[in-house]
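Read top to bottom, the protein sequences are chains A and B. Numbering of the first sequence is given in the numbering used here, commencing with residue 1 and proceeding in unit increments. Numbering of the second sequence is given in the numbering used here, commencing with residue 264 and proceeding in unit increments.
Keep in mind the hints are simulated off the structure, nothing from the lab. Among these hints, one or two may not hold up.
In silico contact screen, one side only, chain B against chain A (beta carbon under 7 angstroms); selected entries [stated by the list, open to error]:
| # | residue |
| --- | --- |
| 1 | Glu275 |
| 2 | Gly285 |
| 3 | Val319 |
| 4 | Leu320 |
| 5 | Thr346 |
| 6 | Thr347 |
| 7 | Glu353 |
| 8 | Leu354 |
| 9 | Leu359 |
| 10 | Ala361 |
| 11 | Gln364 |
Pair by pair, the computed Cβ-Cβ distance ranges are [said to hold, decoys possible]:
| # | chain 1 | residue 1 | chain 2 | residue 2 | range |
| --- | --- | --- | --- | --- | --- |
| 12 | B | Val295 | A | Ile250 | 43 to 49 angstroms |
| 13 | B | Ala315 | A | Val149 | 36 to 42 angstroms |
| 14 | A | Leu246 | B | Val288 | 30 to 36 angstroms |
| 15 | A | Leu253 | B | Val336 | 18 to 24 angstroms |
For every residue, glycine included, the Cβ atom is placed at its ideal position computed from N, Cα and C.
Single-letter residue listing:
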Amino acid sequence: MAAGAVAGGLGALLGIGGGVFLVPFLNSVIGLPIKIAVATSLMTVIATSSVVSVSSVGRNLINLRLGMLLEVASAAGGVGAGLMFHALSDETLFLWFAFVTGLIAVMMLSRLDRRNVLDASADPGRLGGRYYEDESGREVVYQVKRLPVALGVSALAGVVSGSLGIGGGILKVPLLNAWCGVPLRAAAATSALMIGVTAAASAPIQFANHYIQPPLAAAAVLGVLAGSRFGLWFAGRAKARWLKLLLAGILALVSVVHFAKVL
Amino acid sequence: MTSPSDPLLRLEQHVGRLFAAGVAVSTSILAVGLALFLFAPDAPAGSRLLDAGLLVLMATPMLRVLLSVVEYVRMGDWFFAGTTLAVIAELSVTVLSALRQKP
Numbered sequence: 001m002a003a004g005a006v007a008g009g010l011g012a013l014l015g016i017g018g019g020v021f022l023v024p025f026l027n028s029v030i031g032l033p034i035k036i037a038v039a040t041s042l043m044t045v046i047a048t049s050s051v052v053s054v055s056s057v058g059r060n061l062i063n064l065r066l067g068m069l070l071e072v073a074s075a076a077g078g079v080g081a082g083l084m085f086h087a088l089s090d091e092t093l094f095l096w097f098a099f100v101t102g103l104i105a106v107m108m109l110s111r112l113d114r115r116n117v118l119d120a121s122a123d124p125g126r127l128g129g130r131y132y133e134d135e136s137g138r139e140v141v142y143q144v145k146r147l148p149v150a151l152g153v154s155a156l157a158g159v160v161s162g163s164l165g166i167g168g169g170i171l172k173v174p175l176l177n178a179w180c181g182v183p184l185r186a187a188a189a190t191s192a193l194m195i196g197v198t199a200a201a202s203a204p205i206q207f208a209n210h211y212i213q214p215p216l217a218a219a220a221v222l223g224v225l226a227g228s229r230f231g232l233w234f235a236g237r238a239k240a241r242w243l244k245l246l247l248a249g250i251l252a253l254v255s256v257v258h259f260a261k262v263l
Numbered sequence: 264m265t266s267p268s269d270p271l272l273r274l275e276q277h278v279g280r281l282f283a284a285g286v287a288v289s290t291s292i293l294a295v296g297l298a299l300f301l302f303a304p305d306a307p308a309g310s311r312l313l314d315a316g317l318l319v320l321m322a323t324p325m326l327r328v329l330l331s332v333v334e335y336v337r338m339g340d341w342f343f344a345g346t347t348l349a350v351i352a353e354l355s356v357t358v359l360s361a362l363r364q365k366p
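The following block holds chain A by itself, in its conformation from the complex (with noise of 0.2 angstroms):
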């Protein structure tokens, strides 16, 4: 449980749900076979999805319609997992993981200093949206751009969402973020939206296939729960720079942990 809650503290900062940092923890550190750590980090992922939503209504920063139109490609890369899960091998999650999680670090490095951000009498178009920003005190509009590269990530991230547990919305935020336009708290807060349909398109997969260890499951989903509370709390009042650096810092951690381990 006291796992779940800082892997959840975590994830609440940046809406990526905490398995990137629950699974190597159930993994390495508990000694759980891989699959069941990702499919008890997957219930978290759903957990900490609706979770995080209920924070975020009311404050214009989850995007309905783009979160919805890029489900399409989420929930499709996770039936895909879902489907496959059963068939890969231990070694190639491994690698899979190491992968990921480093591929994720130098991205987020290389993009430390961009805003999206409009003027605020801007038009964000269908897609785009606007909120009131806290940190700086004023209204932030943004339109979304490149849309089909939004969906492919979207896709990758439902993939990788069934087949590694960890949400898929570490992908998708640096992402739609440095790429799309979508500002780093909106992407953050959509990308918590759909993380939970993302999971749920493979998770019930993994139930029927006895990856799921109930009473596992209902501690780590308890215990990401108390910790995104923790997370929320903080991620209203760190930088976006600072929360960057930090979840970089840990990734490049996982990803190098990860890779000594198949080589």
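Position chain B relative to chain A; hints supplied.
Below, chain B alone, put in the same frame as chain A:
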């Protein structure tokens, strides 16, 4: 709470209430189930409650998608109603294949 005139905002509030209810129900069931399991690991009630809690947890985002399709149809927003239906179709593939695997 007043009903907002912007239909997207109304959808967001419905979604928020659904998530809050789903989380409250599933975590209560999971907490009771986990406590039962820890005190009496062999009793069937604990594991049944744990299964039920996890099912409610998985069903919550699925219900959100169902709720969205109703709202988009009410708004007459056919593009997003169709988008939502596509997600529902994908989720049914998962649910059906999970049901087939369950002994």
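Original post:
Which earlier hints can't be squared with this structure?
Top reply: 3, 9, 12, 15
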